[in-house]
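A.B. asks: Residue numbers (the UniProt record's numbering), protein chains in the order written: chain A, 1 to 460; chain B, 1 to 110.
None of these hints come from the bench; they were simulated from the model. Note that beta-carbon positions come from the ideal geometry of N, C-alpha and C, so glycine has one too. Hints may be right or wrong, so weigh each one.
Chain A side only, calculated, beta carbon under 7 Å to chain B, not exhaustive [claimed, not checked]:
(1) GLY60
(2) GLY61
(3) MET289
(4) GLY291
30 Å max Cα-Cα, derived DSS-like pairs, lysine-lysine [stated by the list, open to error]:
(5) LYS379/A <-> LYS59/B
(6) LYS447/A <-> LYS105/A
(7) LYS177/A <-> LYS241/A
(8) LYS177/A <-> LYS59/B
(9) LYS427/A <-> LYS388/A
(10) LYS379/A <-> LYS288/A
(11) LYS177/A <-> LYS288/A
(12) LYS447/A <-> LYS427/A
(13) LYS59/B <-> LYS427/A
(14) LYS383/A <-> LYS59/B
(15) LYS345/A <-> LYS379/A
(16) LYS59/B <-> LYS388/A
(17) LYS177/A <-> LYS361/A
(18) LYS42/B <-> LYS288/A
(19) LYS450/A <-> LYS177/A
(20) LYS436/A <-> LYS388/A
(21) LYS361/A <-> LYS59/B
(22) LYS361/A <-> LYS379/A
(23) LYS208/A <-> LYS59/B
(24) LYS447/A <-> LYS345/A
Far from chain A, by Cβ distances over 10 Å, these chain B residues were calculated [unchecked claim]:
(25) ILE10
(26) GLY18
(27) HIS30
(28) LYS42
(29) PHE48
(30) ILE50
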Amino acid sequence: MGEASINGEPAAAKAAPNGCSRRLTDDEFDRYSRQMIVPGMGKEGQLRLINSRVLIIGAGGLGCPAAQYIAGAGVGTIGIIDGDVVETSNLHRQVGHATARIGMKKVDSLITHLRGLNPLPTYVSHPFHINPQNAAEVISQYDLVMDCTDNPVTRYLISDICVLVCKPLVSAAAIQKSGQLTVLNCPPTPQGLVDGKYAPCYRCCFRKPPPPSSMVSCGEAGIMGSVVGLMGVAQAGEAIKILASALHIPSPPAAGDTPERNLQQPTLLIYTYDLESAVGPYSFRALKMGGRKRNCFACGENSTLTLAGIRAGEPDYVQFCSVPTSSVSLPPEERITAAAYHAAKQKGELPEHILLDTREKEHFSFGSIEGAVNVPFGKLLMKAAAIKRDVSPASEILPLESEKTDVPIFVVCRRGLDSQETVEKLKELGLDNGGKRRIVDIMGGMKAWKEEVDPTFPFI
Amino acid sequence: MSAATEAAAIPITVDFSGGLEMLFDNQRRHSVSLPAVDASGKPATIAFLIDHLCRTLMKDPRAELFVLDNHIRPGILVLINDADWELEGEEAYEIQPRDNILFVSTLHGG
Ligand SMILES: [Zn+2]
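So that you can see chain A by itself, here it is in the shape it has in the complex (with noise of 0.2 Å):
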């Protein structure tokens, strides 16, 4: 077609941000024929995501199936930033990646998956964690950011630079069974404009994270492939329609074509999947959610959030979602390491005792120490409320019944922060009997025990 000479250079293309004229080259036709000839789509669509440079933060479970259809649908330059490595527990999921890529970095093996789905993008791979010295420079190098990270704090970061350097931002969170999408800052609009209606960001939708005492991770409370999956897709399908139609273009207000004006209902996708019942009317929904916030943190009219402020650590994001530290609240006559209480089992030094385990029940079914008894830990909760309100003795707790008051009581869990709030528990209700009960807390839980006890043991 006399034009290979684009072919691979994205740079051309860039010289020509609104190159929306060229003709495309026939590997270019061939490849993305089926999608050009969708109504809305067309010639100039597929050019403007040829154009366009998207960034996608997190490579995993929803970064490699959003990668996938980023990269298929021919986004000219597609960042990729993360500083993990791949590993076997991730792949029923992260389908980006592959057993032969096990400890290679995930950006790289991802983008290798991506480079034999298709060649003619431009792959930048950012090995290493966003933060706030490096988020500004990395986002402003590109036109929309994908947001498919796993923990609040940096969540509440990317959308804060996302409304600083004026990125749109596509969000999205799984766990477990359920996911959510967000469209945000689209299209994007300049901190502190509030008159007239504009896109939220992250801080309008979610002002306050959820204290760290409700929240879960995926490797806590388990995630299926499939969900997380549906949402990176949904997460692609959104940004491949801000960019085909110049949604992500920040318009100057002066020019009369004002953010307002293509702004659209602010709306949250959320999906909850259930493994016992079949597809429900109730399966996905569509929540209408407000606009821009006045008093928004971030975006809002009297906003004091700054890039150099962000640089130099303010706000505190960390701080600001109190992630929980493994701070010991327990003296250390109540704790024990999981290699002593091991040792001391060994040696026949231990007394007769209950092994409390207050994992979850499927976690427990994979194994657990020898003698031990599962409560998982909301259940005794339940019962520890029970004992409050009088309705149960406090024996009850205790799944054995045990007329010997003064036998110890040692208590494990996963990684060792319910069990130390256990043996709080246990001691509120009397269990202690005074003092002259041990209630002990095994340091660690079954990830200690895994590292200092027994490798072989499935811990998951």
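Using the hints, position chain B with the ligand against chain A.
C.D. replies: Below, chain B with the ligand alone, put in the same frame as chain A:
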């Protein structure tokens, strides 16, 4: 308030999502018959509903996963007939017959 008004109940559906169903017997949808007025005779609002749910429907003792300082805890969105409650007046919204109120916990995993 007349006896007739006091006795009246508003039929609504209440949904839980994003893990909150765990606190309500693992059931995502509940049909609730909400007293039309609160103890002081004022029409039932979202605030009243939240209190009512805590007293009558919550099976799990971890109330702090749902309410904090008498308000819905941070990180939970409340949707009235599929619209964010801030579009409807938040806690002060007066519940109407056949309303659908959805409580959804915001997710962060990925
Ligand atoms: Zn905002």
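A.B. asks: Take the hints in turn and mark each one as holding or not.
C.D. replies: Each hint tested on the structure:
The interface hint given for GLY60/A is met, as the beta carbon of that residue sits about 6 Å from the closest beta carbon of chain B, less than 7 Å. Satisfaction of the interface hint for GLY61/A is found here, the shortest Cβ-Cβ separation to chain B being roughly 6 Å, below the 7 Å cut-off. Annotation: MET289/A was flagged as interfacial toward chain B, and the flag holds, the nearest CB pair being 5 Å apart, inside 7 Å. Evaluation of the GLY291/A hint against chain B yields a violated restraint, the C-beta minimum of about 10 Å exceeding 7 Å.
Under the criterion of a C-alpha separation no larger than 30 Å, the hint pairing LYS379/A with LYS59/B is consistent with the structure, at around 11 Å. With a C-alpha separation of about 24 Å, the suggested pairing of LYS447/A with LYS105/A holds against the 30 Å cut-off. For the proposed pair LYS177/A and LYS241/A, the alpha carbon gap of about 26 Å is at most 30 Å, so the pair holds. Taken as a hint, the LYS177/A and LYS59/B pair is honoured in the structure, with Cα atoms around 21 Å apart against an allowance of 30 Å.
Pair hint LYS427/A plus LYS388/A holds up; C-alpha atoms about 13 Å apart against a cutoff of 30 Å. The hinted pair formed by LYS379/A and LYS288/A fails the criterion: a straight-line CA distance of about 36 Å is larger than 30 Å. Of the supplied pair hints, the one linking LYS177/A and LYS288/A holds, its CA atoms being roughly 22 Å apart against a limit of 30 Å. Distance hint between LYS447/A and LYS427/A is fulfilled; the C-alpha atoms sit about 25 Å from each other, no more than 30 Å.
Taking the CA atoms of LYS59/B and LYS427/A, the gap is about 23 Å. The hint holds against a cut of 30 Å. At roughly 11 Å between alpha-carbon atoms, LYS383/A and LYS59/B fall within 30 Å of each other, so this suggested pair holds. Of the supplied pair hints, the one linking LYS345/A and LYS379/A holds, its CA atoms being roughly 28 Å apart against a limit of 30 Å. At roughly 15 Å between alpha-carbon atoms, LYS59/B and LYS388/A fall within 30 Å of each other, so this suggested pair holds.
Taken as a hint, the LYS177/A and LYS361/A pair is honoured in the structure, with Cα atoms around 17 Å apart against an allowance of 30 Å. Note on LYS42/B and LYS288/A: the hinted pairing holds, with a Cα-Cα distance of about 28 Å set against a maximum of 30 Å. Distance check on the hinted pair: LYS450/A and LYS177/A sit about 28 Å apart at the alpha-carbon level, within 30 Å; holds. For the hint pairing LYS436/A with LYS388/A, the CA-to-CA distance comes to about 21 Å; that is within 30 Å, so the pair holds.
Distance check on the hinted pair: LYS361/A and LYS59/B sit about 19 Å apart at the alpha-carbon level, within 30 Å; holds. Between the alpha carbons of LYS361/A and LYS379/A the distance comes to roughly 11 Å, so the proposed pair stays at or under 30 Å and holds. Taking the CA atoms of LYS208/A and LYS59/B, the gap is about 26 Å. The hint holds against a cut of 30 Å. Taking the CA atoms of LYS447/A and LYS345/A, the gap is about 19 Å. The hint holds against a cut of 30 Å.
For ILE10/B, the non-interface assignment is confirmed: its Cβ lies about 21 Å from the closest Cβ of chain A, beyond the 10 Å cut-off. Once the 10 Å rule is applied to beta carbons, GLY18/B is inconsistent with being away from chain A; the minimum gap is 5 Å. With 10 Å as the threshold on Cβ separation, the claim that HIS30/B sits away from chain A holds: the shortest Cβ distance comes to roughly 13 Å. Listed as outside the interface, LYS42/B is consistent with that label: its C-beta sits roughly 26 Å from the nearest C-beta of chain A, beyond the 10 Å cut-off.
Listed as outside the interface, PHE48/B is consistent with that label: its C-beta sits roughly 22 Å from the nearest C-beta of chain A, beyond the 10 Å cut-off. Non-interface status of ILE50/B relative to chain A is upheld: no Cβ of that chain comes within 10 Å, the nearest being about 16 Å off.
Checked against the numbered hints listed earlier, the structure breaks hints 4, 10 and 26; every other hint is satisfied.
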